[in-house]
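> Listed below are the residues making up each chain.
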Amino acid sequence: DIQMAQSPSSVSASVGDRVTITCRASQAISNWLAWYQQKPGKAPNLLIYATSSLQSGVPSRFSGSGSGTDFTLTISSLQPGDFATYYCQQANSFPYTFGQGTKLEIK
Amino acid sequence: EVQLLESGGGLVQPGGSLRLSCGASGFTFSSYGMNWVRQAPGKGLEWVSGISGSGGKTNYADSVKGRFTISRDNSKNTLYLQMNSLRVEDTAVYYCAKDKTSTVTYFECWGQGTLVTVSS
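Chains X and G, in that order, give the protein sequences. First residue of the first sequence? That's 11 in my numbering, and the numbers climb one at a time after it. First residue of the second sequence? That's -1 in my numbering, and the numbers climb one at a time after it.
Don't take every hint at face value.
[Claimed, not checked] Okay, the calculated beta carbon distance ranges per label pair: (1) Ala23/X / Thr101/G: 44 to 50 Å; (2) Thr84/X / Thr99/G: 21 to 27 Å; (3) Asn82/G / Gln89/X: 40 to 46 Å; (4) Thr30/X / Asp60/G: 28 to 34 Å; (5) Ser15/G / Pro90/X: 42 to 48 Å; (6) Pro12/G / Ser75/X: 43 to 49 Å; (7) Asp11/X / Lys55/G: 36 to 42 Å; (8) Lys55/G / Val25/X: 41 to 47 Å; (9) Arg17/G / Gly67/X: 40 to 46 Å; (10) Asn82/G / Ser19/X: 20 to 26 Å.
[Said to hold, decoys possible] Computed, partial: chain X to chain G, Cβ under 10 Å: (11) Ala44; (12) Gln48; (13) Ala53; (14) Gln65; (15) Phe72; (16) Phe93; (17) Tyr97; (18) Gln99; (19) Phe104; (20) Tyr106; (21) Gln110.
By construction, these hints were calculated from the structure, which means they are not laboratory data. Please read all numbers here as calculations on a predicted model, not as lab measurements. Just so you know, even glycine gets a beta-carbon here, dropped at the ideal spot from N, CA and C.
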């Protein structure tokens, strides 16, 4: 199975800050990577797919990059609604696997 | 608008069975793969199982293989998950999720989830 490791596990930031979350795959997954946002008590929401493609309706302050084994999600200017938990997911092969999550908290 | 609505969760004893359903609307159901993803209380996301649009291909996580069965009825726009030999560690919110495209599994749309609690 492909293991996905996110860092950091949690991060504190302020509105307006730029934040970067990293996801590392245990083997190369080309660009088959997605990012999700999850708020407490809610289902996850797809933000980015195929490493860098923005899902329809997602603000452009979210961006993704990387290839192979190393990927990043960047939020360019944090807004109040961005404080949530973020997960990466590999879609390269079964079983599809997620990172352990990064909790983004208000400083 | 795409909508997914899960049902069938509840409290069950270890070793018991449960069948989850997910009703879909707002898209051509038979054209998309569908999945079940679960989340144990306070934990991360775990993909459980997936099925192709036609229902001809299925895949499972090792943790549920041989115990869970995914199926779909395209005439009823409904996805199912039959869960047998349930264990305490199967306790989780179970989400159904639609593939973004017919060829790659990104979870584009999710239901609200249904809670399965396995406890004596």
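> Hints first: check each against the structure and report whether it holds.
Taking the hints in turn, this is what the structure says about them:
no. : hint                           : in the structure
1   : Ala23/X / Thr101/G: 44 to 50 Å : violated, 36 Å
2   : Thr84/X / Thr99/G: 21 to 27 Å  : holds, 24 Å
3   : Asn82/G / Gln89/X: 40 to 46 Å  : holds, 45 Å
4   : Thr30/X / Asp60/G: 28 to 34 Å  : holds, 32 Å
5   : Ser15/G / Pro90/X: 42 to 48 Å  : holds, 44 Å
6   : Pro12/G / Ser75/X: 43 to 49 Å  : holds, 45 Å
7   : Asp11/X / Lys55/G: 36 to 42 Å  : violated, 19 Å
8   : Lys55/G / Val25/X: 41 to 47 Å  : holds, 45 Å
9   : Arg17/G / Gly67/X: 40 to 46 Å  : violated, 33 Å
10  : Asn82/G / Ser19/X: 20 to 26 Å  : violated, 35 Å
11  : Ala44                          : holds, 5 Å
12  : Gln48                          : holds, 8 Å
13  : Ala53                          : holds, 4 Å
14  : Gln65                          : holds, 7 Å
15  : Phe72                          : violated, 15 Å
16  : Phe93                          : violated, 18 Å
17  : Tyr97                          : holds, 6 Å
18  : Gln99                          : holds, 7 Å
19  : Phe104                         : holds, 5 Å
20  : Tyr106                         : holds, 4 Å
21  : Gln110                         : holds, 5 Å
Checked against the numbered hints given earlier, this structure breaks hints 1, 7, 9, 10, 15, 16; the rest are met.
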